[in-house]
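Protein chains in written order, with UniProt numbering: chain A, 1 to 229; chain B, 1 to 229.
In short, the hints are calculated from the structure, not lab data. Check each hint, because a few of them may be wrong.
Which copy is meant is left open, because identical chains are indistinguishable; a pair holds if it fits in one copy or across any two.
Unchecked claim - Result set (SDA-like, lysine to any residue): computed pairs, CA atoms no more than 20 Å apart in a straight line:
(1) K227 to Q144
(2) K7 to G36
(3) K201 to A117
(4) K186 to W119
There are 2 protein chains.
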Amino acid sequence: MARIDYKHHDKILLAVDCIIFGFDGSGLKALLVKRGLEPEMGKWSLMGGFANKEEGIDQAAARILVQLTGMDKIYMEQLHCFGDVDRDPGGRVVSIAYFALIKIEESNGETLDLHNAKWFDLKKLPTMIFDHKQMVRLAKERLQQKVANHPIGFELLPNKFTLQQLQGLYEAVYETSFDKRNFTRKILSLGILQRLDEKEKESSKKGAFYYVFDKKKYKQLESEGIKMI
Amino acid sequence: MARIDYKHHDKILLAVDCIIFGFDGSGLKALLVKRGLEPEMGKWSLMGGFANKEEGIDQAAARILVQLTGMDKIYMEQLHCFGDVDRDPGGRVVSIAYFALIKIEESNGETLDLHNAKWFDLKKLPTMIFDHKQMVRLAKERLQQKVANHPIGFELLPNKFTLQQLQGLYEAVYETSFDKRNFTRKILSLGILQRLDEKEKESSKKGAFYYVFDKKKYKQLESEGIKMI
DNA sequence: TATTTTAAGTGTAGTTTGTACATTTATTTT
DNA sequence: AAAATAAATGTACAAACTACACTTAAAATA
């Protein structure tokens with residue numbers, strides 16, 4: 001056994017970085033901040049911070065997310081741990097990446113400004129520090145996988161949304177387009193959407209019905225993921 | 001930004017724990033060791049160790065795997081990072097879990113004995129230290145997901161194997177049974193198996209053809225996962 | 001040499017799911 | 001009343017999945 005005793009082993013700086021996804025109706029977006037310390041101060045970066053000794057890593061990630069967005073109860077899951085020796089030129093830092101899905105229209109613009117945060121289209125990301133681009137890439141892949149089997153896409157939409165918005169979201173996530181009839185049929189056949197009597201009338205004269213995600217129905221169906229796409 | 005500067009932040013012990021899967025023809029197995037240090041000395045544990053400051057975490061995981069099995073070029077991927085504050089009563093240790101797939105019949109019994117290692121049927125795991133049972137559970141779930149879309153099941157079988165062995169493996173991974181005709185048809189239709197002229201004649205008078213996984217054909221098909229099951 | 005035994009190997013029909021594709025409908029504006 | 005706009009909807013064909021049982025090759029035995 002290598003782990004002979006706990007003292008006499010290297011302790012390492014542990015960071016948490018958050019890939020924060022949003023959807024504005026057109027494309028998938030990521031929230032980046034201007035880094036406030038050396039090295040690479042002023043460059044674009046994922047929102048991050050160091051994990052404290054007295055907090056769990058999930059708590060650290062949640063704390064950092066709240067710091068930036070002011071929002072809690074955000075969908076977040078651990079992505080991957082990045083631990084190459086030279087990933088951070090400032091020192092040996094192992095970073096645990098999390099990705100979060102937020103309702104972009106509920107985010108607080110002032111709080112974001114305070115942190116020099118900005119939404120970037122995923123297809124037009126700026127140069128980012130360290131291995132952050134790799135993190136975003138992996139997060140996007142994971143999002144694609146996850147969205148295919150779990151009803152998490154709704155985390156990126158307003159509470160009530162039209163079928164076209166939902167389709168637009170899936171199209172953004174997969175960078176493809178779907179046939180409207182087939183998409184509608186499939187998504188409704190899942191039985192996890194509830195149609196409201198209310199219509200969205202901005203973008204059409206006829207108006208499109210709003211739907212909400214029916215969490216109860218989903219839980220009834222199966223707690224272990226259903227095929228969304 | 002929370003990450004104001006690199007000094008003045010907590011450094012934390014970083015461990016790596018390996019879930020090592022094997023398949024012996026009947027059930028899926030995990031390789032456990034008797035823990036050699038306090039706390040919980042003598043209890044069953046995943047093979048683990050501390051990450052050193054001068055090595056990447058993937059390297060640390062590979063090192064630990066070689067230590068136990070003497071084997072390298074093993075299929076291994078990162079599973080998840082476990083970082084609850086109290087997960088290890090011996091101190092604040094964040095553990096990065098990896099899972100590995102090994103050909104059980106190629107493992108060196110003597111090396112395993114040296115480390116007090118033993119193969120356990122996944123359905124009959126002993127009490128394990130800390131959150132190791134949770135790690136194994138998550139690893140099994142991940143294996144199920146991964147095996148469905150990636151040709152990694154072969155890592156658990158001898159280089160040449162019969163279709164029945166392969167089916168047995170999938171049945172063990174998913175804890176279910178498949179129809180032999182449908183399974184055979186589907187797996188062969190992928191076009192990634194090559195039939196040898198040689199037959200396995202131990203378990204039948206007719207003999208069953210050996211197959212090998214054809215990595216080249218697989219790479220040709222697509223580098224991004226095909227549907228295995 | 002014929003028969004038995006064993007597990008391997010194979011085919012078909014029915015159902016479900018996926019895909020491609022165009023017209024009708026509700027409402028507002030002119 | 002007509003035109004304009006985007007929403008809502010159906011059908012036919014193809015592909016994939018599922019359920020299900022007999023034939024075959026080879027060795028062992030009579």
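Numbers of unmet hints, in rising order: Those not satisfied are hints 3, 4.
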